[in-house]
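**Q** These are the residues of each chain, in order.
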Amino acid sequence: MNKLYEKYIKKESLPNLFCPGCGNGIIQIAAMDAMEKLNCKDDVACVSGIGCSSWIPCYYKLDVIHSMHGRALAFAEGLKLARPDKKILVFTGDGDCMAIGGNHLLHAAQRNIDLTVVMVNNYIYGMTGGQKSPTTPIGAKTKTSPFGCIDEPMNACKLVMSLGASYVARWTTAHPVQLAKAIAEGMDHKGFSFIEVLSQCPVQAGKNVWGEKEPAKIMAKYKEVTYLYKLGSNDPTGAMAEKNAEGKIPIGLFKNDENAQEYLERVEAKLAESGIAR
Amino acid sequence: MATITIDKACCKGCNICLTVCPKKIFVKSRQRNNYGTAMPAAENQDECIVCRMCERMCPDGAIDVEK
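Chains as they are written, first to last, in our numbering: chain A, 1 to 278; chain B, 1 to 67.
Chain A extracted, bound-state conformation:
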């Protein structure tokens, strides 16, 4: 058994409920690794919505809210305002974060409130049986798009960057070391940290989106279809693009703005200005 499980995981609930080869387990270990790196286990509280990915924090020996579908960010904002001393780690999926909870994502990013959001993007609604999600690529045959998906997929990183989130990164489950580093940086960062993780769902997205059921082969595909975007480089297409000229998805750190004003600081400043003690 993994050495980090002793410290972070409720062992009586093992084995976890994820399907064989699901990327959520890799993200779970990466987040534990990030907490170990920062040595901040007692300061962390987790919030999650509904979906496969929202089961990730439920195995942690931490304070966890498993909240309503799409409302993870709303709960997290409330928790952050009530307990500013805690580091809030939000686990959410692509459907949870962008379809049902899309409005909450817009406003949390626009406020630049100090949260760390790990959005697990598996390109499909996995838990409910493989329906089309906002990130499903064009042409993918799913249960609700039997003739191939016709909608342009949403780009979550571009969305939150345009609204003013101050730390934005995208990694895949095939890059666990970089992912752990990004989560650690996001937790250390003051402001809205958004980390999109491209994950594999071998059961639902495997056959429909990637045409491949082996989890290892889907992860190899993720290494093929992505390229490393370097922050500050003169990349002509840039991090905002869906794909570059070769049709590859950019991954890496897209934005790290240390000077952006955080929501709680603005709240405190306004309260002090009005002469109200918190």
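If you are wondering where the hints come from, they were derived from the structure by calculation, not from laboratory data.
Built from N, CA and C at the ideal position, the CB exists for glycine as well.
Fair warning: there could be bad hints in the mix.
As the list claims (entries may be wrong) - What the simulated footprint calls covered on chain A by chain B, stretch by stretch (three residues with Cβ under 8 Å from a Cβ of chain B suffice, anywhere in the stretch; the number is not a length):
#1 6-16
#2 29-36
#3 210-223
Fit chain B to the known structure of chain A by using the hints.
**A** Just chain B now, kept in the frame of chain A:
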């Protein structure tokens, strides 16, 4: 020399470890895990370079590398 143990109760037989190991230490075996699928076996353990990639990439945290 490293000792690699695979937890029979946690492993689900997804075979990710077979591809991530740079030294190809994990091989398929006939042994079953508690989930009911075939689990890998760790052979030639003295070739292990302790990169711990299998630990990170095992979605169920079944692998432990002890140096």
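**Q** Check, residue by residue, whether the segment 29-36 of chain A contains three or more positions whose beta-carbon lies closer than 8 Å to a beta-carbon of chain B, and give the verdict.
**A** holds (count 3)
**Q** Given as covered by chain B, does the segment 6-16 of chain A meet the bar of three residues or more with CB within less than 8 Å?
**A** holds (count 4)
**Q** Taking beta carbons only, do three or more residues of the segment 210-223 of chain A come closer than 8 Å to chain B?
**A** It holds: at least three residues are needed, and the segment 210-223 of chain A offers 5 whose Cβ sits within less than 8 Å of chain B.
Checked against the numbered hints listed earlier, the structure breaks none of them; every hint is satisfied.
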